[in-house]
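Sequence lines, in order, name chains A and B.
The first sequence begins at 1 in my numbering and counts up one residue at a time.
The second sequence begins at 1001 in my numbering and counts up one residue at a time.
Since no wrong hints were added, every one of them can be taken at face value.
Here are the in silico distance ranges between beta carbons for each label pair:
1) A/L175 / B/G1186: 47 to 57 angstroms
2) B/P1095 / A/L99: 39 to 49 angstroms
3) A/Y32 / B/V1083: 45 to 55 angstroms
Honestly, the hints are just simulated from the structure, not real lab data.
No residue lacks a Cβ here, since even glycine has one placed at the ideal position from N, Cα and C.
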Amino acid sequence: MTALFWNRRSRANLFKIGLGAVLTVLYIFPLYWMFTTSIKSPEEILHVPPVMIPEHPQLESYRQVLGLATDRQPLTMNALNLIMNSMIISTYTTFLTLLLAVPGAYALARFRIRGRSLVLAGLLIAQMLPSVLLVIPLFVLFRPLGLTNQYAGVILADTALALPMAVIILRASFLQIPVDLEEAALIDGGSRIQVLWHIILPLIRAGLIAIGVFAFLTAWGEFVFALSFLQTPELHPVSIGVYQFIGMYTTQWDSMMAFSSLVALPALVAFLFLQKYFIRGMTAGAVN
Amino acid sequence: MLEIIRRKSVRPGSNGFSDSGGGLSAGKRRKHFLIGNRIGYVYLAPVLIFLLVVMGFPILFSIVISFQDYTLETLISGKTAFVGLKNYEAIFQAPAFWTALKHSAVFTAVSIFFQFTLGMIISLLFVRAFPLSQTMRGLMLSGWQIPSVVTGTVFLWIFNLDYGVLNRILMFFSLIPEPVGWLVQGDTALLAVILTNIWLGIPFNVIILTAGISGLPEDVYEAATVDGASYFQQLAYITLPLLKSTILAVLMLGFIYTLRVFDIIWIMTRGGPADATEVLPTFAYRLSLVHFDFGRSAAVATVILVILFVAAFFYARNAALENM
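Construct all of the structure, not just a fragment, from the sequences and the given hints.
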């Protein structure tokens, strides 16, 4: 038994598990620390040496952040309101991205478009543009149109951030569907829109989910546009909420981490369930 | 079958030549059933127009005002004047610009070096399954889509002078005599934001490198093993050479994504203390939205743009070579 255990391969595996565990623990630590801080008691937070596993977990921090009754001082901001704003911005961004990306990617995959390689190169460059470079000109463009202190301006800007990658990924998805299938459906009398909607889109469901979630999370975490466009606090999304929380409540670490955990949650959940779609889309986009 | 196609192609108002849908004769139309159809431009138009307005216009506008005297006053009065290269002269003479450029170079180079090296080690480690490998790799990617504002806040807490866990752990092992003000003192702040950024970039590097490594042909390794090549020989003479284009793609994209990092720096240090973590994007942002000097800010933006374009050119050339 021991001889079997200590053969070459097991030793290699043991080494790999050990190294993997060390790297994983190091990597995951910040997220672990965020969550455990959020449920620690104030004494545990300040304790020396640091408390690795909270023994007196509390949820007051979450209650405080969500504006529920606690024995603590109420915050001047309400996470529920901020989450609502982010939901609105992210949902619209997702729909707008899909609405524009699907026909665009379909055209780039299926039609002979003059200057197609130019368009594709343009998309590659567009997805590299830093939002810091776009924010001032967009402000100048949006202000006379009354779009700055509104969800709309942020939604349009966030869509622009997500769109180039979305088109690149979706085009790769469309290219994997055989043209013959589409031709057959068209010959059977379907209109192009019908065929696209009823036959092709269900086949590229994975790609659609990936870019939908990608667009949603892009808008969910976006910081620069929201910071620069939205002056009214009632319109602020979660990213600005967390940023202002740091400035206003520097010592309430448990609530700060509770808020951060809430904001990180959609990304973690999405990743947990959609990991393979993400990775497939991501590699298709970056490598091709 | 031809009947159906012909029927479909003849629509009211079709003159047989210029109609977007059924412009070609039946035979030709069959041939170019899907590809030679002008309706494609109609599908493509919305996304192109949108991107031209919301991305193309801002970039052009930014380049134009980099040659203009464009401040809050002129923005309001609308009397902007072209001043040639004055903004560029001004930023190139400002020590702050060179400091930001230097920090950007250090930030980008160090971040990429460690992101890539760690990403490569992790990818190589997990590419062949062993017990728990899938779970571990899943965990290693979990931070990938987390909003940067969250990452910044969490590391702000970790690096905190008085209560941060990093100081506590280092002191527990007597590695430092007293707490280090990672983010509040000039000589460590850049290091702290770089560490944060390395953490941020690991999932991306792992995802792309793993995809590249899994795509390598198995039989080469089998042959090498039979010939008695060690793991590190296989790595140096097979894996890395075969992976060249993937590595180039990761490095180029990493360069582009790192050079433009703004959020975590603005959240953790706002470019400070003093200018210890000022990089080109924070410098540009400060010039415009703090000092309202839009012209000079645009000049810095154009410098960033030129650097990005050079990188994008090499990346695109690399990608284009791959696809041929």
